[in-house]
Structures are given as structure tokens and as C-alpha cells.
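S.K.: Protein chains in written order, with this note's numbering: chain C, 37 to 218; chain H, 1052 to 1716.
Calculated directly from the structure, the hints in this document are not laboratory data. Don't take each hint at face value.
Derived DMTMM-like pairs: lysine to aspartate or glutamate, alpha-carbon spacing no greater than 25 angstroms straight-line [to be verified]:
#1 C:K140 x H:D1206
#2 H:K1073 x C:E156
#3 C:K121 x H:E1199
A short list of chain C residues far from chain H (calculated; beta carbon distances all over 10 angstroms) [what the hints assert, rightly or not]:
#4 K48
#5 V65
#6 L93
So the derived list for chain C, only partly shown, Cβ under 7 angstroms to chain H, looks like this [as the list claims (entries may be wrong)]:
#7 S78
#8 N79
#9 C110
Glycine included, every Cβ here is placed at the ideal spot set by N, Cα and C.
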Amino acid sequence: MASKEKTKKTIKTIKIDVDKCNGCRACEVICSSFHASPKYSSNNPARSRIRIIREPLRDIYVPVYAGEYTMAECAGRDKYTIDGKQYDECSFCRASCPSREEFKEPDSGLPLKCDMCEGEDEPLCVKWCLVDALTLEEREEEVEEQEEMEDLEIGLESLADKYGMQTIMDTLARMSTDDKSK
Amino acid sequence: MRYAETGFNLEVDLTRGNIEKKATDPRETELYLGGLGTNAKILWDRVGPEVTPFSPENLLIFSAGLLCGTPATGCNRTIVSTISPQTELMAFSMMGGFFAPELKYAGYDKVVLRGKSEKLVYLWIHNDTVEIRDASHLAGKGAVETAEQIRQELDQPKAQVAAIGLAGENRVYYASVEQGRSSASRGGIGAVMGDKRVKAIAVRGTKDINLAKPEEFLTLCNEVLAYIKHREDNPIKGVMPILAGLGSPQEMKVHDEKWHTENFMWGNSRTRRKGFWNDDIAKQWTDTLEGARTRLISCFNCPMKCGATISMPGLPTYMMKCFTKLTYTMAAYSDLDFGLRIAQKATEYGLDGFSAPQVMAFALELLEAGILSKDDFPGLPEGNEDRFYYLLDMIVKREGIGDVLAKGTYWAAQEIGNGAEAYAHNTIKKHEQLPLKLSMLNPIYFLMYSIGEKINITQIEGQFPQAPFPKKEHREKFCEDWVQVPHEKFKQYFIDWELRGENSIPYYPTVDMTCDIVEWQEMMHYIDDALGQCAGLSSFPLKPPYHIHNYPKFISAGAGIEMDEEKLTQAAKRYRTLVRAVNIRRGMRRKDEKPPEDHWKKRFPELEEKLLDAYYKLKGWNEEGIPTKEALEKMDLGYVADDFIQRGILTDEETADAQKETQTQ
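With the rest of the complex left out, here is chain C (with noise of 0.2 angstroms):
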């Protein structure tokens, strides 16, 4: 196989400063303004794609971004102690996973993903974190080409994950037998 060409990509990373976070969920609030349809015509920050974890009273503000659906649930769970601060389990995962209610669309439980705010100069959370807990960083990184997933091998993918390759295999050879019988 030929070695793929190397290519300039921006990586875009959203700085998070637990430090400076004043919990007002502003984030919340624009995040799911901006995903509403038509575009600001509603909001719910129980469809925001980026949720903060807060307790007050126990100084606990942590900002976390809906990443990947995951259908199960992790086998063990972890409580992470920073600065004598301890963390609930969870609390710095990006993961839309059956163990809670974050990154779940209320009504539907469709699971809800950050895209950036594609399209926008900058994500939203970003440009309405008037106390820069939140930041945008870019930066361009080397990375080998790689061939884009087509519809179809996406969608392929997905039903591979739901029921097995082998379940999918054995489906298209009934299906393509099936086929031929017409």
C-alpha cells in the first residue's frame, strides 16, 4: 500500500479553567439557544451540549462537553481528590452513556454530541464565558491523510456496533440470496 500524504489540520481545543468557572451556566443556555430549531428560537440548557458540574457548596465547578454516545455503561467508576476537592464519579467524562442524564435529549433520550458550533467563529460557550473559564485554542497539526468514510460504511459501522459484524454478515448473505431467488 502506497504510505499517505501528511496534511495540515487545525485542531481547535477549548481550554477549560475549573478555576475561573462562576457556575452561572451562561454555556448552557447559548449552547442550546444556538442548536435549537429554527437557530436561538428556543432554549433548554437540558439540551446543552456542554453541562457544568456544580456544587457550591463544596466548591466543585467543572465544565464538561458532550464527546461520543456510548452504549454501555463503564464497568468500574472513578471519584478523582484534586486539592483535598473530591469529585463524584463521572464528573470529567464527555460520555452520553446510559448511567445518566446528561447529554441526552429530554424528550427523546437521543444522545447529544458538540460539533463547535460549526459554522461560527468561535463555539458560543466560548464567546458567552465573559469570565474565561472557557477558551479557544487553535493550533495546526500534521496528520496523515486519511480516506473518508463514505454514508454507507458510517451507517454500516453503526449497525455493526448495535449487532455484531458477524450478525451483519450473515444478514447480507440471507438478504443477497434472498435476492437472487426473485
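Starting from the known structure of chain C, fit chain H onto it as the hints suggest.
M.R.: What follows is chain H alone, placed relative to chain C:
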């Protein structure tokens, strides 16, 4: 579809245990906006003058403002309205925090409590599921403690809880409702909640709030954010640091307390201690605050950090804001360490940080004066600070003399008699005020103190500088970017205002100018209280991001109500008059509209009368302060005029009938 508001109120009959979700009339929103405005309408319609604060017929309304739950920055206030046990007038204390938006997301604009529960309960609102739950296990628990426990037992870490402490349960007349990092403290609404046997309201909501014109609304929000940044980078020159920026006075941030400690009164609003502040004290108090303060914190959707989490060694953590930092310290002639420690206990008890310390200092003055004796204070400790802890417990538990003191300085003095009345010297409309005693009468402040029905100076002042800058060029400079003025004339009023000479207080600003200035300042507070906007980004600081020019746009883009400056001014005038109407019907008259006698050393009785006359006239009130039939009808408040005439408060000739004054009880 309803925009910005949900269009539903939650009606809870505590006597019968009945809960109803009731659709509201959008025409009322157009007339009274929401929050305070629609609260006033409900109280006018449903709570007659014969209803006493602690009767089941009194209502206790928790209302989100019209724009709470929208992305409008800093719009998070809950306006709590009821009939106050202390003033026997309409109380409309407010709290920031996180309650109002959560209530909106749950699908309600207001919770209206009526009747009285037999046993202690709490209300749990979770979207469409609303329950009255037993709270007997929470009896006597602290307000902060209660909120934590409710969140745990419901397994709802995101629920917002408004709770009372023991003070509210025992109907202390200045009991507060505590919530998030905020509290609704004034007017004793916590006592009414306790009287209804409601320990707390917990709410969690996951529904949408809609906007009428989304893109327009967001453009306005972004302009506000940009202006906040601009103001943060450009503090106003020539005023005290706490007045230079936005937000509530940044008491949790600043260490330099020279101004407060040397200009505000200590004890029972008694002693001014010039020269008090020195390097040693500055260092000691800085160490105390630095050691106690874990973080500066905010209310919902607001970048200002007006509050703080406070952890005093050996005590549970609590949250504090604003001037309560110093009220206990100064009432007891003590230091900041004491103030922050006793405030922790007082916050759990749920007490107004303005009234409570003054009541305690008042009690000790009566003891010293021999009006109360040692027998009235069994087991009184020797140490000064211990005495404050002792009194705090006696009051909240209503034991011995504490039972009387629990009614506040005015009512306690009436009951104690024997000359005690002279010691209840710092009240307006029976309610304790900020501890300030000054020299020369200021006409603007005279009027604000007199006619204010929120009965707290910080809730009416703000848009016009408190004093002129010494140099004219500085005043002119100030006016250059003063876009918030409703009319250019205000700039001239300020430019011509001098510290000394002809154009200085008390005769300048002139009577008419003073009326204009007061009307503008008051209007901005009333608009905030209907929209749910925190005064800290609007009516309280100089040059705020929200003002009369952008508010109409926020309302039309947000709520879909066609609005312009004139219509908004009219609406604010309408429900401001309705608040007055509720109070007039309960007996409030001109005689009640006065600052404490000793607020200023130099008084000008003739000028003061002129100021009241002129303001009443400007507002369409007669010489007793009663809105006239003509003025009422012009404001679509003909039903108020009819009621006044029927009760003999107004005669058909629209004159006040002083003989037939209705009594408050």
C-alpha cells in the same frame, strides 16, 4: 404559542392540598408585563384589605420575570409577593440565584400559594408532576441544609430549592427565603411561608422557552454582553469604587471598607466612627475574607460575580452577597470575623441581614437605657458578641423577649412601650432601613425614601449619580457617553449640579428636576422587577447595559409583544400605580411616606412638603398620595377607581376622604 413566558401559573391550595395548572391571559401580560406587574394584579384581584398577613387568604406568589429563562444576560430574578407582616403592605422582595429560570423550564411563570397546610410540607415541581410532600423531618433545619437534604432525598442534584429556616417557621417578621446564593429577605415573606407551613419549594424543569424573534433577540443579547465588557474595562471615574462598575456592590471582592465603616452607622444605626479604618484593621479584615472566601460566584446566566462561598473555619459553608458582609459586624461594634461567623448561623435560620442586626442592637440599647431589665434577658452572657448569638437564638426561637423582638423594632417598641418607641428610630413604613445618618437633606433621596414602596433605598436609586462631581468638565465628560438617559434634559440637570453654592442640595436639583430624576430611577427598578432582570445590570449601577432604549426591543423580540418606549413607560406606570393601589386600599397615606426623623440633621420641612406635593401631582395622585380617578382611568385602571369610590377612599369628586381612611387591620 406564548413567547418568553410559559402562559401557565401553578395554583396551590395548601388547605385542601389541591394543585392546578392554570392558563393565564396574554392580555394581562401586555398590560402588566409579568413578575411584579402581574403579581400586583393578582394581589389586587384576590387579596382584599381585610386580609391579614397570617390569614389563609393571604397569597404568597413566587414569580419568574417575563424574560427569565431566555438568554437575556442576568435575567434570573424571582419576585416574591405577599402581604408583609411587618409593614402590613404589599411586599415584593426578590431573589436572584437559579430558581426563576428553572421554574420557567418546568413550564410555569408563577407559583401561587394560598391557604395553610396543617403540617409542615414542601412542594416538589418536576415539569408536569407536582407534589405536596411531607416535611416534618425538615422541621427546625437550616435553610441551606434543607435545600441540600431535599436534593438528596429526591435524587435531583439539579433541582433548585427555595427554603426557609427556623425563623420563617416561627414567623419572625423579618424572616427570609433562601435560595442558591441569593435570598428574598425584605418584608418578612419567609414568615408568611412559615405561616402557610411550607418549608421549601423545589423545582426542576427540562422544557423549552421560546422566543418570538430569535435572531433579533440574540443580537440584543450580544450587544449587552459587549457593553458589559466595555464597562468592565472602563470603570466610571470620580465615584467610589463600589459604584464604578456593574453588578451589586462588589462586597465579596473588595477589601477596602473605609467608606462603609466610616460613613455608615454602627450599633442600632447610632454611631458614626470617623477614623475607624486603619492599616491594622485593613490587614486583619483582608486576612479574614481571604481565608473565608472560596470562590466568587454568580447567579444564573450572568458574568458578574457578586456573591461568594464563605467557609469560616469550623463552620459549614454558606453563600453570601453584598452588604450583609458588614451588617452584623457593625451592629455589634465587632470585627469581620464575628460578622461572617454569625451570618452563617443567621443564613441557616433565614433572616434579613439588614433588619436582624439592628433589632439585636436595639434590644441591647433598651437594656442599657433601663427600658428593658436584666430579667428580660435570663442567662444573658457578659461578652458583647456572645450577647448577639444569645439574642439571635432568642429571636428565632421566639423565647422570652425574643418573642417580641421577632416583630422588628417598630412593633417591638409599641409592645414594650415605656419610651422604647424612640429607639425604633430607623424605620420607614415600619421597616428597618440601611444604617445611614447624614447631614444635609438631599431632595432626591428624600423623595425616594418617602415614596418608595419597596421600602429599601437600594431598590429605587441608581441611574443618577448620588452626588455631583466637583468639576464641571468632569460632569460634562460623564455625560458624553450617557446613553441611558430617557431624555437629554437629565444631562443638563447633572452638568449644572454643584457641590456648593446656588446649584447645590437641598434646593438643587429643583423640585421639578428632582421629581423627574426620581421617576426615572424608580421606573427602571419597576421594569426590572417585571422582567426579572437583576438590578445589578440595570437599574442599580450607573450606565448599565439595560435601559429604557433597549428594553422595548427585548420585550418585543422576546415575548412578541409590540413595544416601544412610550408603551413600556405606560405599562411600568400602570403596575407601579397598582402596587400603590393595593397599599392605599390597606390604609397607606401621605403620613406614612417619610424618611426616619434623624436621617438628616438639616431638614427643610417646607421644601419636603413641596417635593411630595409635586411628585404626587406628577404621578396623578392627590395630596394624600391616592391615585385620582382621572389618572387611574387613563392607565386602564378604571376598576381601581371604582373600588376606591365604592370604599370611600375616593369620592366622586376625586378628593381624598381623610375621615374614611380604611384601617390596615
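S.K.: Can the hint on C110 (chain C) be confirmed by a CB-to-CB distance to chain H that is less than 7 angstroms?
M.R.: violated (19 angstroms)
S.K.: Just checking, V65 (chain C) versus chain H, shortest CB gap more than 10 angstroms?
M.R.: violated (5 angstroms)
S.K.: Within a Cα-Cα threshold of 25 angstroms, do K1073 (chain H) and E156 (chain C) meet the stated pairing?
M.R.: Violated, at about 41 angstroms.
S.K.: Go through the hint on S78 (chain C) and say holds or violated, using the shortest Cβ distance to chain H against 7 angstroms.
M.R.: Holds, because the Cβ-Cβ distance from S78 (chain C) to chain H comes to roughly 4 angstroms (cut-off 7 angstroms).
S.K.: Can you confirm whether the C-alpha distance between K140 (chain C) and D1206 (chain H) stays at or below 25 angstroms?
M.R.: holds (18 angstroms)
S.K.: Please settle this one: L93 (chain C) was flagged as non-interface, so is its CB more than 10 angstroms from every CB on chain H?
M.R.: violated (5 angstroms)
S.K.: Does N79 (chain C) pass the interface hint, meaning its C-beta sits closer than 7 angstroms to a C-beta of chain H?
M.R.: holds (6 angstroms)
S.K.: For K121 (chain C) and E1199 (chain H), compute the direct alpha-carbon distance and say whether it is at most 25 angstroms.
M.R.: Within the cut-off at roughly 18 angstroms; holds.
S.K.: Looking at K48 (chain C) again, its CB stays over 10 angstroms from all of chain H?
M.R.: holds (21 angstroms)
Hints 2, 5, 6, 9, counting from the list given before, are not met by this structure.
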